[in-house]
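Working from the sequences, and respecting the hints, build out all of it.
Numbering (my numbering), first residue to last: 606 to 861.
Quick caveat, the hints were computed from the structure, so don't treat them as lab data.
Remember, it's a predicted structure, so these values are computed and weren't measured experimentally.
Where hints are given, some of them may not hold.
To be verified - Listed next, the in silico SDA-like pairs over lysine to any residue satisfying Cα-Cα at most 20 Å (straight line):
id, residue 1, residue 2
1, K814, V692
2, K648, I616
3, K641, N631
4, K648, R778
5, K648, L800
6, K615, D776
7, K648, A775
Claimed, not checked - Now the in silico label distances, taken between C-beta atoms and shown as ranges:
id, residue 1, residue 2, range
8, V817, N631, 41 to 51 Å
9, A782, K615, 17 to 27 Å
10, K615, V817, 30 to 40 Å
11, A637, E784, 14 to 24 Å
12, G741, A637, 21 to 31 Å
13, R614, V744, 38 to 48 Å
Even glycine gets a Cβ: it sits at the ideal position worked out from N, Cα and C.
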Amino acid sequence: MAIQADYVRKIQALLATAESLADQGNDEAAGAYVAKAHALQQKYSIDQAMLADGDGDAGGGQPRAIIDRTWTMPGAYGRRKVNLAHVVAVHTGCAGYFSRAESGAYRFTVFGFTADVEWAEALFVSLCHQAEAALGFAVKRPAEHGRSFTTAFLEGFTHEVRRRLREAAADARAAAAREHDTAAGPGPNGRSVALVLADKTKRVEAELKARVGRLSTSRLHGSQSYSGFQQGRAAGRDASLTRGSVPNGAAPVLPR
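In structure tokens, the structure reads:
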């Protein structure tokens with residue numbers, strides 16, 4: 606638990622520095638600290654997986670229970686935000702599915718290990734805020750349909766966030782492989798980082814299937830506003846991958 610607390614302190618310190626720099630208008634430096642915080646969180650998740658692999662089925666070590674949380678999509682365009690929720694979940698070591706509440710609201714239930722789920726939720730809350738804030742400054746041409754523009758914007762935003770999270774996860778895996786597989790040798794059970802993470806993914810997906818059963822797939826139709834998509838991509842490139850990134854914004858409520 607001391608290792609966990611040390612990670613948490615370091616991550617929180619990086620995020621606090623990022624927020625301070627953002628408040629000063631230094632977005633580039635803030636982004637660098639956010640990237641460091643995200644990389645450290647990825648490393649923590651990988652290290653936990655390697656420790657759990659060494660503990661086996663009977664060891665003590667860190668708790669390895671898989672939890673689930675249900676997020677209700679905040680604001681309008683819930684189906685598009687489900688896509689963002691899925692992207693965040695997949696690239697933080699989680700899995701999930703979407704459903705509809707009795708009220709008609711879209712929901713996303715995410716499964717994963719505790720630290721991964723909490724990080725995924727922090728990212729999703731922040732990114733929803735930032736997408737809505739950036740949308741308020743987007744420029745729609747008079748002839749464009751408002752809904753088409755907005756869905757395209759959110760699609761572009763999600764597209765860019767997916768790229769950034771995928772690259773960050775790949776960098777973290779590569780760094781962990783260099784540390785565990787080269788410097789220190791394979792994990793305690795003689796397995797590489799890649800194998801341990803593959804087993805972790807399988808366990809999360811198996812838990813999802815065991816609790817929910819067979820799931821159907823659903824595809825979103827592509828949007829027709831090139832301008833909206835490109836402006837959304839620009840907002841996604843500038844988005845901060847941390848919580849509390851929109852000044853004076855209240856966090857969306859995500860029911861447990």
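Hints and how they fare:
| no. | hint | result |
| --- | --- | --- |
| 1 | K814 - V692 | holds (19 Å) |
| 2 | K648 - I616 | holds (11 Å) |
| 3 | K641 - N631 | holds (16 Å) |
| 4 | K648 - R778 | holds (8 Å) |
| 5 | K648 - L800 | holds (16 Å) |
| 6 | K615 - D776 | holds (19 Å) |
| 7 | K648 - A775 | holds (11 Å) |
| 8 | V817 - N631: 41 to 51 Å | holds (44 Å) |
| 9 | A782 - K615: 17 to 27 Å | holds (21 Å) |
| 10 | K615 - V817: 30 to 40 Å | holds (35 Å) |
| 11 | A637 - E784: 14 to 24 Å | holds (22 Å) |
| 12 | G741 - A637: 21 to 31 Å | holds (26 Å) |
| 13 | R614 - V744: 38 to 48 Å | holds (42 Å) |
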